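S.K.: Whole structure, please, built from the sequences with the hints as guidance.
First to last, the sequence lines map onto chains A and B. Mapping of the first sequence onto our numbering: position 30 corresponds to residue 38, and the numbering continues sequentially without gaps. Mapping of the second sequence onto our numbering: position 44 corresponds to residue 46, and the numbering continues sequentially without gaps.
It is worth saying that the hints were derived from the structure and are not from the lab. Because the structure is a prediction, the values reported are computed rather than measured. Virtual Cβ for every residue (Gly too), placed ideally from N, Cα, C. One should not assume that every hint holds.
[Unchecked claim] Computed, partial: chain B to chain A, Cβ under 10 Å:
| # | residue |
| --- | --- |
| 1 | Gly14 |
| 2 | Glu19 |
| 3 | Thr47 |
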Amino acid sequence: MVREQSRGPGSGASGAVGRMAMAAPNAGSAERFTQAVMPHLDAAYNLARWLVRNTHDAEDVVQEAYLRAFKFFGGFQGGDARPWLLKIVRNTSYTFLERNRPAALAEEFDERVHGQDAPALDAEATMVRSVESRMLREALEELPVSFREVLVLRELEGLSYKEIAELAGIPIGTVMSSLARGRERLREALLRARAKEGTRGL
Amino acid sequence: MVCDDNARLLHGYLDGELDLVRSLEIEEHLKSCPDCAQELWNQRTLRKAFRAASVYDRAPAGLAERIRAGVVQQQDKGAQQEASASAGASVGAAEAAEEREAPKKAPVQPIRVVTSKRSAWNWLAVAAAILITFAVSWRVAPELSQRRNADMQAGVQADVLTEEILSSHIRSLQPDHLYDVRSTDQHTVKPWFNGRLDFSPTVRDLSEDGYPLVGGRLDYVDHRAVAALVYQRRQHLINVFVWPEAKGNEVAMQTKSVQGYNMVPWEGEGMYHCAVSDLNKGELEQFTELLRK
Chain A
9 MVREQSRGPG
19 SGASGAVGRM
29 AMAAPNAGSA
39 ERFTQAVMPH
49 LDAAYNLARW
59 LVRNTHDAED
69 VVQEAYLRAF
79 KFFGGFQGGD
89 ARPWLLKIVR
99 NTSYTFLERN
109 RPAALAEEFD
119 ERVHGQDAPA
129 LDAEATMVRS
139 VESRMLREAL
149 EELPVSFREV
159 LVLRELEGLS
169 YKEIAELAGI
179 PIGTVMSSLA
189 RGRERLREAL
199 LRARAKEGTR
209 GL
Chain B
3 MVCDDNARLL
13 HGYLDGELDL
23 VRSLEIEEHL
33 KSCPDCAQEL
43 WNQRTLRKAF
53 RAASVYDRAP
63 AGLAERIRAG
73 VVQQQDKGAQ
83 QEASASAGAS
93 VGAAEAAEER
103 EAPKKAPVQP
113 IRVVTSKRSA
123 WNWLAVAAAI
133 LITFAVSWRV
143 APELSQRRNA
153 DMQAGVQADV
163 LTEEILSSHI
173 RSLQPDHLYD
183 VRSTDQHTVK
193 PWFNGRLDFS
203 PTVRDLSEDG
213 YPLVGGRLDY
223 VDHRAVAALV
233 YQRRQHLINV
243 FVWPEAKGNE
253 VAMQTKSVQG
263 YNMVPWEGEG
273 MYHCAVSDLN
283 KGELEQFTEL
293 LRK
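M.R.: Quick look at the structure:
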């Protein structure tokens, strides 16, 4: 159904980085490195910001991720550095969250609570007519990290399912389901927010 | 309510990630299922909201500088460790640092030596070049100026063509102008041109490389009907215009940036090709390399 067969969770981010040699950076490689990865700084920061949900922490995470990327740069095969860099940013973000905000990773999405009001609405009420950026940001911020992550990679970075699968170490089918559920949750959150502000529909 | 079976696939469809068979099935289903059609519409509206600049968080000023400084520091540290490891325990840190500095200074002097040795030869070479220039301009100058006229004409022609192609590209981005045939399958797109053009453009599927084919259409460039193939890279659309080379009508287009769009032309297989996109130049060139393989 989907073009690519998944590579399975084994091809996870940490696995790929682990395989790379810990080659000491040679003289001159700093220049090559910055040329390859500096153009992707916005992407790196955007992902880190949406994963750790705090601007200061995101800066720290990105700085650390770049230093790690520099260390592993010998193992970079060339080509598009963006997915490669984003994978390291993602891993660094998760390490940061594990250490400093374990609750953010453990947050469970209670479907019985959050899912209950959606089916009761008729088609007219669930219609998404327009969405304000502010509301979208708030709704995205509240999503569990696994949904938030695929949405950011897909909608903001424009990565393909295959790239997301490789980056997050999940099968391609799971990328599609996570996007489907993530978007559904996002839409419900937007509808709830709009209901609070007293208007039907969006 | 959206049909359970299709709920997930609808997202694959929205993202352009389904194969042709599934895409067509979903399209068929959408015709008969207003709920799913509505859901797709909802999701597209949501997607538009993501495009708003204020959802994307750009790196703050100064971060790039801090990272560069950190990388240089780490590189120095690495070089220092390497140097002290290779020099052995008896070498102090100061000497290791000196050793590290050495390669940077080294290249300056040898170059100077080489220059002085070679200078006599260089003068001879200059003299010879002047002689040759005289000889050549004497004989060839009239021919050259003729050719320059022809070049200028070709240049003007190329500029006109560049503008035509750019306008076609921009027009194609307006709603409902992009495709005559919308398909991700090269075996659907290529035959579609049969009977519509007097040549058959090469259509390649580059989805494996991250440049999926999304469709094709007829366009009009260089006073003739041409094929326009549409590819996609993330959210960037790429138009590839293809038309046959004509004898006596050579065009010399060049890779260039116009109004924020990049254009990469090339000739091959008896055809002119020109890729246009707002995609960055590096990736667009990579894309054309893949197409030419």
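S.K.: Does each hint fit the structure? Answer for all of them.
M.R.: Comparing the hints with the structure gives:
{"no.": "1", "hint": "Gly14", "verdict": "holds, 5 Å"}
{"no.": "2", "hint": "Glu19", "verdict": "holds, 5 Å"}
{"no.": "3", "hint": "Thr47", "verdict": "holds, 4 Å"}
Hint violations for this structure: none, all hints satisfied.
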